[in-house]
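Peer 1: Spelled out from the first residue to the last, the chains are:
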Amino acid sequence: MRSKALLLGLLCAVAAQTARAQPPAPAEIKIGALYASSGPYASISMPVSAGFRLWVDQTNANGGAEVKAFGKKIPLKLIAYDDQSSTATAATLYNQLITRDHVDLLIADSGSVLTSVGVPIAKEHKQFLFDVSGTGAAFFTDDNPYVALMADPVSTIWPHYISDFLADDGAKAGIKTVAILFSTNDFTGTQAAALKGFFEKDGKVKVVYYQGVPTTTSNYTVLINNIAAVNPDAVLELGYVGNDIAFLRNLQDSGNQFRFVFSIYAGVEKEEIEKNVGASALTHIYTYVPPSNYEYVPEVGMTQKEFHAAWDKKYPPGSNVTFGANAVYGYMTGLVVERALATAKSLDQMDIHDAVFALSGKLKTLDGTFILRKDGAQIGEVTPLGQLQPEGKDALTLVAVYPPDMANGKAVIGK
Amino acid sequence: MRNTRIRRIVLDTGIAAAVVIAMGVARGVYSNELMLFNFIIFLALAQGLNIIYGFTGYLPFGYVGFYGAGAYGFALVVMHLHAPALIGMAAAGVAALVLAVILLPLLRLSGAYFAIASMAAAQAVYEIVANPDLEDITKGPYGVSLADVFAPAFSYYTALAILAATLLLVVWLRNSRFGMSLQAIRDDSISAAMAGVSVVRGRTIAWLLSALIAGLVGGVFAWHISVFYPDTAFDLSVSIFATVFLLFGGATTLCGPLLGVFILYGIYNVIGIAVPQYFQFTYGALIVLLVLFLPNGLVSLLTSRGIRVP
Numbered sequence: 001m002r003s004k005a006l007l008l009g010l011l012c013a014v015a016a017q018t019a020r021a022q023p024p025a026p027a028e029i030k031i032g033a034l035y036a037s038s039g040p041y042a043s044i045s046m047p048v049s050a051g052f053r054l055w056v057d058q059t060n061a062n063g064g065a066e067v068k069a070f071g072k073k074i075p076l077k078l079i080a081y082d083d084q085s086s087t088a089t090a091a092t093l094y095n096q097l098i099t100r101d102h103v104d105l106l107i108a109d110s111g112s113v114l115t116s117v118g119v120p121i122a123k124e125h126k127q128f129l130f131d132v133s134g135t136g137a138a139f140f141t142d143d144n145p146y147v148a149l150m151a152d153p154v155s156t157i158w159p160h161y162i163s164d165f166l167a168d169d170g171a172k173a174g175i176k177t178v179a180i181l182f183s184t185n186d187f188t189g190t191q192a193a194a195l196k197g198f199f200e201k202d203g204k205v206k207v208v209y210y211q212g213v214p215t216t217t218s219n220y221t222v223l224i225n226n227i228a229a230v231n232p233d234a235v236l237e238l239g240y241v242g243n244d245i246a247f248l249r250n251l252q253d254s255g256n257q258f259r260f261v262f263s264i265y266a267g268v269e270k271e272e273i274e275k276n277v278g279a280s281a282l283t284h285i286y287t288y289v290p291p292s293n294y295e296y297v298p299e300v301g302m303t304q305k306e307f308h309a310a311w312d313k314k315y316p317p318g319s320n321v322t323f324g325a326n327a328v329y330g331y332m333t334g335l336v337v338e339r340a341l342a343t344a345k346s347l348d349q350m351d352i353h354d355a356v357f358a359l360s361g362k363l364k365t366l367d368g369t370f371i372l373r374k375d376g377a378q379i380g381e382v383t384p385l386g387q388l389q390p391e392g393k394d395a396l397t398l399v400a401v402y403p404p405d406m407a408n409g410k411a412v413i414g415k
Numbered sequence: 001m002r003n004t005r006i007r008r009i010v011l012d013t014g015i016a017a018a019v020v021i022a023m024g025v026a027r028g029v030y031s032n033e034l035m036l037f038n039f040i041i042f043l044a045l046a047q048g049l050n051i052i053y054g055f056t057g058y059l060p061f062g063y064v065g066f067y068g069a070g071a072y073g074f075a076l077v078v079m080h081l082h083a084p085a086l087i088g089m090a091a092a093g094v095a096a097l098v099l100a101v102i103l104l105p106l107l108r109l110s111g112a113y114f115a116i117a118s119m120a121a122a123q124a125v126y127e128i129v130a131n132p133d134l135e136d137i138t139k140g141p142y143g144v145s146l147a148d149v150f151a152p153a154f155s156y157y158t159a160l161a162i163l164a165a166t167l168l169l170v171v172w173l174r175n176s177r178f179g180m181s182l183q184a185i186r187d188d189s190i191s192a193a194m195a196g197v198s199v200v201r202g203r204t205i206a207w208l209l210s211a212l213i214a215g216l217v218g219g220v221f222a223w224h225i226s227v228f229y230p231d232t233a234f235d236l237s238v239s240i241f242a243t244v245f246l247l248f249g250g251a252t253t254l255c256g257p258l259l260g261v262f263i264l265y266g267i268y269n270v271i272g273i274a275v276p277q278y279f280q281f282t283y284g285a286l287i288v289l290l291v292l293f294l295p296n297g298l299v300s301l302l303t304s305r306g307i308r309v310p
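Protein chains in written order, with the working numbering: chain A, 1 to 415; chain S, 1 to 310.
Read the hints as simulated data drawn from the structure, not as lab findings. In this text, all values refer to a predicted model and were calculated from it rather than measured experimentally. Beta carbons: idealized from backbone N, C-alpha and C, even for Gly. Take the hints with a grain of salt, since some may be wrong.
[To be verified] Pulled a few chain S residues facing chain A out of the computed Cβ check, cut under 7 Å:
no., residue
1, 32
2, 34
3, 35
4, 152
5, 154
6, 227
7, 232
The following block holds chain S by itself, in its conformation from the complex (with noise of 0.2 Å):
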């Protein structure tokens, strides 16, 4: 029994760290940077909404919240205090935090409602940091410019180590005491209380592992990209595309996510810079084929058959 786990941590950590090398080595291949780099980002969101999603069971439309609020963070230490990057970064962290523990009163809500409260409350984040009113503070609706730190390859290999944390912290998740007392609080919460889970404590410890990996991933986008708007940081769609990645793979594994991000953010450039007037037909039919024939994501071709997926 003892080395079966063994076995299936190591084999998750292997296919963590292939992917984190191939990112790694892709860089000094392939030389559109830019495109790599959204692949990491994309990676990472879509494994921090598996966190919350797919081992409670919460699907937050505003997850974008706290990337918006880790890229503003990153920029306020950087603009005002003149802080090096890296304690951007930190500042990124503590800002996604700040505003998970802020939001945590969503998590008495369920399904819709809390999916729905989440978008709201990622609104109005926005809302506030685009006030032109803020303009001395956050820049308002004009936009952050932070060429001061701007350092693509650094700031590419720290969104890498992001990616190698959120990886690992699945993998973690899949083979540990907690991660599977969080899934029996997503199976049924009742029953995980009667068995001495405490609901509230893991519930709240996965929203602020999943904000905290996305405020690190707003931050590193910020500095990366080092020119951004706030509609740039708080654009829905990179909630949905997260989602969607998710989904299209399959929650609670450590494959799907990364499978989801390969296929479809990998369609998605090769259709989006060859052929863009096809790409909704393309993704939209996509997503309905998955939704009506794979509704549990792709490994659900393999774990319907008992076979497990890392």
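This is chain A alone, in the form it adopts within the complex (with noise of 0.2 Å):
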């Protein structure tokens, strides 16, 4: 009788234990992603790709990535799909991923216009996306828990070191006007509105032109020519990669010469802009210095120089993949992923939100300190304003010149 209740409570006891133990841990960590290989994105999105594959691989090379919830090494298995810069079918892939590949982590395109799609569908299905760069202030609400920006801060916060700069080292030198052109899109038309608003506090340089065009535009000289008409000391010029290419190459040829001239992708893009306009056309040219240019102290992965040397080893020269932000972005979203996972307590959804929010603050990487906003817009990562100095025979630099306490070289402002 007395054998029979040990028995009996020995029973219980392994059966309590089975009730409370973790579900098995999966063979793999689905990844879901989406990126395009042609259309107006591609120019985007395949360098971020191309990163966060990197991070894949040597993850994987490694033995997976360490899951808190299960307490060991898993590999990840990467579902990518090509949604070729469509948002129709980046809208499908989305729910492809979520509702029939059952990913465990769900990483959107690069750039707004791919992302903005995802975010409703993510929200619905109650998956966390990981946003790497649509940077849309409209994607982040208080409503929304199931998203949030990685590799670079809403595109209100990008232009500050613009205005400052031109307010302080700007005015000092005698830069009182400035031009503002700009492709109407999400990214630039939100950086441009946010810099008119700034020149119009300060009120120390005075915004004498202001102009959307359309991300499509391929052609400024008469642009360029009207913004001459109207003389002012600084032209800043805010598009894509292709709108930053066919700018500067008609800047070049049109002759006009302007003392502070900025660009975004002139430094976001150094490489792929430097390949398409030559070193001459972007002399002096102000720009962001991105991560790909900057040596932040990172805490966790790859410092930059030891990114691009893997970059260069797995991408050689020729790919159709070239070195530059994107590719960090790409990257960085992989740590983040990395430590997530090696912090969240389940996979459920928003256990790895709390596990990405917790790290705010705290994470350092070659992309700088990975700040988010409650709502889950990132506000840290900023990048510092810089310019393209030229370094010997046809070759140039890229210097952060501001603010001062990340400056790497003084900046040369036109006579």
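Using the hints, build the complex out of the two chains.
Peer 2: Structure below.
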């Protein structure tokens, strides 16, 4: 009788232990991602995708990612679909990844347009969306915990140092007027509006030209002449890679010269732009200094130099993807995934959310410090203002010139 | 004779009902709801195009203009008046009808001239909507977010209701005196006018009905997707896809556009997901083969042998 009771107790204990136990560890962690191999967003999407793949391959080569929920390393399986820069296709594929492939983690395509359709879908399915570089302000609301921006700050934060520099060093050098020419899309349109607001608030520099043009614009000759007609001291051109290439080429061909010229991608995708417009058209152009050209001291992952070397090994010259900020963004997203898996209590999407938000202010990578606002918008990883300056014959170096505590060079303002 | 007509109507209605029920049931069986929703969108658009092209011979390349007008009609009412989604749907229909009335003079053109003019008109509407100076009204090129009315299930079944109404409309056109008069206008408008058919009235009604369907589909698209840009709502590929699906299956029939959508959009999704690099090649090859060997669509395999296709 006593042995029966003992046996029963033992069985109960085993049953209770079994009930408390974690579900069995999966053979692999499924990560779903989209990329665009063609169309207008391919130039920003492919480097992000390649950077993320590099992280996946590296992690798998080390036996997989450390997953706290199961207390062991688990290999990663990347399921990546090509949306060909189409929002309709992207929407279907986000659904496919969530509802058919049942991915554990969902990574958005690059840029605001291709991310936009994923935000409501992820929210509807309560799937946390790792938004790589979709900076549209509308994505981040207090009632949606299922999105966070990983690798670059929201558009309103980006241009802060431009207006500060012009109001500070620029005003001292006699810069009083500015022309703003922008492509009418979420990313650059928001930056243009923010800049206009900053200048109007400071009152030190007057906006004398403010013009939006379609993102498909490929000839800026007439626009440059219109800008020259109002004779501004500074010209800020905010566009995507294709816009910047066309603008910088046309600016050089036109012979017009301005004391201060800014272009986003001259620095953000320096290799790509330099390849297309040549060093002479880029000399003394102001731009953002992306993490691909600035040495942050990472506490997690590779340094910029190590990453560049790993990139060149995996994607040697002649590959279809070039090294730049977007390459770092892809790798950086991988690092956030890595840390989230290493700290999340389970693969439940709200636990993933909590783990990602817990990294805010603590995660320092080659992309700077990762800081999230409570609605998921990225407010860290701010890019300093830089300038492309000559270095020897036919070579350019990108130096940070503002803010002073991040500067590694001195700005040259035209006469 | 009368019994034959009734049999045809019953058969056509049965096919329409089967498609609608299948798409309704599919939502419970297949989890990628957005893919099914896109099927419904293109089924309705291809039939909407069928009404103006199949029955009157006018092929508007800019059909997406009505779709975009509907999407933005829905968005404007929801954004600015905070109206419920069904009021937004009514606004979508009205927006497309207003645009169709404005574009009525295009019906004075024909053939390629009409096709190109309609495309230019759609582009003009896009440029107006995407104008940054209208940001306060349309949100310009920066896109709209309609998160407040986001309701995937409700919008899915609304799309299904629009599809059902569209299919029934085509069934009616296929079997009614009015539908016959439209086909007479298409084949020879002068003879039809001499026989007492009101050519202008017939074309106008078909044009408005076709625009209304595209507008409602655009509205339900805006509702279902909830975040979109002008480029998405006025994407010319919407027109191209609807046209290709219609021509692939065969115009003037109920089944032609259905076959076109199920086969071609099905292939699009299978190839687009599995091997996207082969998509354009496969799609292009299919269309070239069709134009070479079946210029009147798949249904002509039967109709050329005297077999009636619903």
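Peer 1: Hint by hint, note whether the structure agrees.
Peer 2: Evaluated hints:
1. 32: Given a least distance of 5 Å, the restraint on residue 32/S holds.
2. 34: holds (4 Å)
3. 35: holds (5 Å)
4. 152: holds (6 Å)
5. 154: Hint on residue 154/S: violated, closest Cβ of chain A at ~12 Å, above 7 Å.
6. 227: Residue 227/S check passes; min Cβ-Cβ to chain A is 5 Å, inside 7 Å.
7. 232: Holds, because the Cβ-Cβ distance from residue 232/S to chain A comes to roughly 5 Å (cut-off 7 Å).
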